[in-house]
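Heads up: the sequence lines are chains A and B, in that order.
The opening position of the first sequence corresponds to residue 8 in my numbering, with each subsequent residue numbered one higher.
The opening position of the second sequence corresponds to residue 8 in my numbering, with each subsequent residue numbered one higher.
Note that these hints are calculated values from the structure, not bench results.
Note that the structure is predicted; figures quoted are calculated from it, not measured.
Heads up, a few of these hints could be off.
Note: identical chains are not told apart, hence a pair may lie in one copy or across any two.
Unchecked claim - Derived SDA-like pairs (lysine to any residue); straight-line CA-CA distance at most 20 Å:
no., residue 1, residue 2
1, Lys326, Leu276
2, Lys11, Gly84
3, Lys326, Glu292
4, Lys294, Leu321
5, Lys294, Met274
Here is what each chain is made of, one letter per residue.
Protein chains: 2
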Amino acid sequence: MLTKDLLKGLLSGNRMSLSKSITLIESANLDHRKQATELLSELSPSPSSIRLGICGAPGAGKSTLIETLGLKFISHGMKPAVLAMDPSSVQFGGSILGDKTRMQELSAHLDAYVRPSPTKGVLGGVTSACSENIILCENAGYNPIIIETVGLGQSETTVDEVTDLILLVANPAGGDFLQGIKKGIMEVVDLVVVNKAEPPFREKAEMTKFELEQAFKMSVRRYDNWVPPVLLTSAKNKEGIEELVNEILNAKEKLKYEIFEKRKAQMILQTHRMMEDLLRAKLKEMKSSGDYNHILADLNQMKIIPRTAATQMLSLLAKD
Amino acid sequence: MLTKDLLKGLLSGNRMSLSKSITLIESANLDHRKQATELLSELSPSPSSIRLGICGAPGAGKSTLIETLGLKFISHGMKPAVLAMDPSSVQFGGSILGDKTRMQELSAHLDAYVRPSPTKGVLGGVTSACSENIILCENAGYNPIIIETVGLGQSETTVDEVTDLILLVANPAGGDFLQGIKKGIMEVVDLVVVNKAEPPFREKAEMTKFELEQAFKMSVRRYDNWVPPVLLTSAKNKEGIEELVNEILNAKEKLKYEIFEKRKAQMILQTHRMMEDLLRAKLKEMKSSGDYNHILADLNQMKIIPRTAATQMLSLLAKD
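Only chain A is shown next, with the shape it has when bound in the complex (with noise of 0.2 Å):
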């Protein structure tokens, strides 16, 4: 398809067209690298988007959470998106979660988008590629943006690399949670909920949630002006779910100036890191180069030292 057209089917909406950009962006193949740079220069991040990182151990219901809260998004008359990220998978992408359907509810729904496998990294690794996949789905006209972790080894700071808020999902631990959790999560939390607060885990979910609050309290935190809300969720009975999503809202409202200094961050970040990638890139291909074996060629038959060799080699790298 045509880049024009894609951008066209993209802009206005399309599915379609998102899902199949989001493929150019995850593909090796140099042709696609070349159509998604293309496509993507004419695109810009949406500054009032809400892109929010959800984590939280397997087993507390991430998913459930997830369909529950898009389709209250979709009550509000927003339309959100669902990525999944697989932070262990850097290298190789590949999810064994890639032919279920997920959140199918949600995934059905005309206002919302689920996309079924999770982000796979190619150039910048797999947090620039998630980044810009939020940025398609932007410019598609979703809101809020939600990115789901997955996988093994799963990693908040990951997901913190390109999202303004983490949502915490905690499992009802009585007072015991803390102990259970991983060193430093608690530090880039924007907002918890205890999921699962229905019978028969509603008190051990009561005083998880008043554990959270003590440490919030004790500023294991990320921001002085910002106490993370701790809320009770069922997403199996759909309580709680209002009031999450009106917390979200205030949280992107009040944390605006952090939330703008942040992405300035992410970006930079992203930046170097892809940077680094094409220059990697750049220096594979000298080294398959002819030019690169003659310059081997002559340092091994001590027709030219080092120093010389070395400079050779980096005009060959300038060289384009």
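Chain A is already provided as a structure; the job is to place chain B on it using the hints.
Then chain B, alone, in the frame of chain A:
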């Protein structure tokens, strides 16, 4: 001084020209660096030279041995050069030994060149600078080139990156020498002298020699076809030095092929290090340019996305 004149002086064996050339290589000044490149591009390494690295713990009598050995090489009609290398001074080079006159008798000899201060690394680090200094010495007619490791944390693997042969200078330690030695050193050693093999250490020196020979027999060594000879010397009494010279000449002859291959690998390693350094310098230069800051501003104002910024930065890097 003009490069042409420096080159002329160097090739005619003028010591002052040699010292000036070495100073150029160790200078961080951009003009000096340029002149060093110009000068070096006219020179070739000598395939027949002997590059001998000397290592051993402080107090083993390395300097005294080198002086005695150097004078013995002169009596063979050879012209030794002695360079010191401080592997620990990777960053800043300077050495407290700098102002002391080392090896007074050898230094004063017309057929020897003793560089008073240790090699400082600039482009490509201390090993590359040392290799280039070796090439300068070779082109000024010196052979062998003796590299002494000085300074704290002396690393035999570093000196092994620039020399053909490694001579280990051991203290007479009875049968306990191997216990006190750094792990891995025996695998890079080509010759050993147990120095101070004079009263009252003679017996201990012989035990150390026996211990080392046993270790080499059990194939703790670099090449299958070379069992490092272990010699007894008394540098103070000038004993065992003639034998040492013969063993060095013999090793260079017997390990001709291995040394040829080793030098090729050394040159490729140095080339890659230097190219990385040159690239790093180019990146630094780019980051202080107006064009770079313009890209960053566009990024900050969200006029462009990271992929576009990275592509623009890369073409900035290639520009010259």
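Verification of the hints:
no., hint, in the structure
1, Lys326 to Leu276, "neither (26 Å within a copy, 23 Å between copies)"
2, Lys11 to Gly84, "neither (29 Å within a copy, 79 Å between copies)"
3, Lys326 to Glu292, "both (12 Å within a copy, 18 Å between copies)"
4, Lys294 to Leu321, "both (11 Å within a copy, 18 Å between copies)"
5, Lys294 to Met274, "between (30 Å within a copy, 16 Å between copies)"
Of the numbered hints given earlier, the model fails hints 1 and 2; all others are met.
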